[in-house]
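Start from the sequences, fold in the hints, and give me the full structure.
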Amino acid sequence: MANGPGPGGIATRLFAALILVFATYNPEGYSFYHWAIAPLLGHTTSTGPASVKFLVGILLLGGWGVFLNATRRSIGMGGAALVIAISGALVWILLDFGIVSAGSARGISYVVLLCLSVLLAVGMSWSHVSKAMSGQVDMDQTD
1 MANGPGPGGI ATRLFAALIL VFATYNPEGY SFYHWAIAPL LGHTTSTGPA SVKFLVGILL
61 LGGWGVFLNA TRRSIGMGGA ALVIAISGAL VWILLDFGIV SAGSARGISY VVLLCLSVLL
121 AVGMSWSHVS KAMSGQVDMD QTD
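So that you can map any letter, position 9 of the sequence shown is 9 in the numbering used here, and since no number is skipped, the others follow by simple counting.
One or more hints might be untrue.
[Said to hold, decoys possible] Ranges between beta-carbon positions, derived for each pair:
| no. | residue 1 | residue 2 | range |
| --- | --- | --- | --- |
| 1 | Gly-79 | Ala-11 | 19 to 27 Å |
| 2 | Gly-76 | Phe-15 | 22 to 30 Å |
| 3 | Gly-107 | Ile-84 | 13 to 21 Å |
| 4 | Gly-57 | Gly-6 | 29 to 37 Å |
| 5 | Ser-104 | Tyr-30 | 13 to 21 Å |
| 6 | Gly-6 | Leu-41 | 42 to 50 Å |
| 7 | Asp-96 | Gly-48 | 37 to 45 Å |
| 8 | Ile-99 | Ser-51 | 40 to 48 Å |
| 9 | Gly-57 | Phe-97 | 34 to 42 Å |
Don't read these hints as lab results, they were simulated from the structure. Remember, predicted model here, so these are calculated numbers, not experimental data. Glycine included, C-beta positions come from ideal geometry on N, C-alpha and C.
Laid out in structure tokens, this is it:
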């Protein structure tokens with residue numbers, strides 16, 4: 001089942017998080033930041049109608065809202081801190097083994113963006129994984 005707790009569902013959420021994160025910013029220069037924000041700051045010039053940039057910005061903002069809210073509700077700040085700590089340890093390993101150079105801003109950017117995508121994917125998937133492991137369902141209660 002692609003939407004459930006299985007590997008397909010988690011991979012789908014990770015893919016969606018990667019698209020969101022890398023569409024917002026990436027070191028290659030093909031992102032919303034480079035297209036719409038950097039020209040406003042005077043860093044680059046860009047063409048394109050402001051209305052389209054506004055629409056894309058609102059769509060990205062909505063995507064961030066969905067992912068961040070689900071992550072906050074699912075794993076909370078403590079869980080997010082744990083995922084970030086694990087990601088930091090993995091970055092450290094990549095640096096220690098020379099897979100990524102500490103002097104490479106581009107390489108570090110990719111690793112950080114990937115870690116952020118993993119954090120968002122874990123946040124979107126955790127309720128499903130927790131239910132599969134424990135049999136308990138997470139619910140928001142409003143009184």
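Original post:
Which of the stated hints cannot be reconciled with the structure, identified by number in ascending sequence?
Top reply: none
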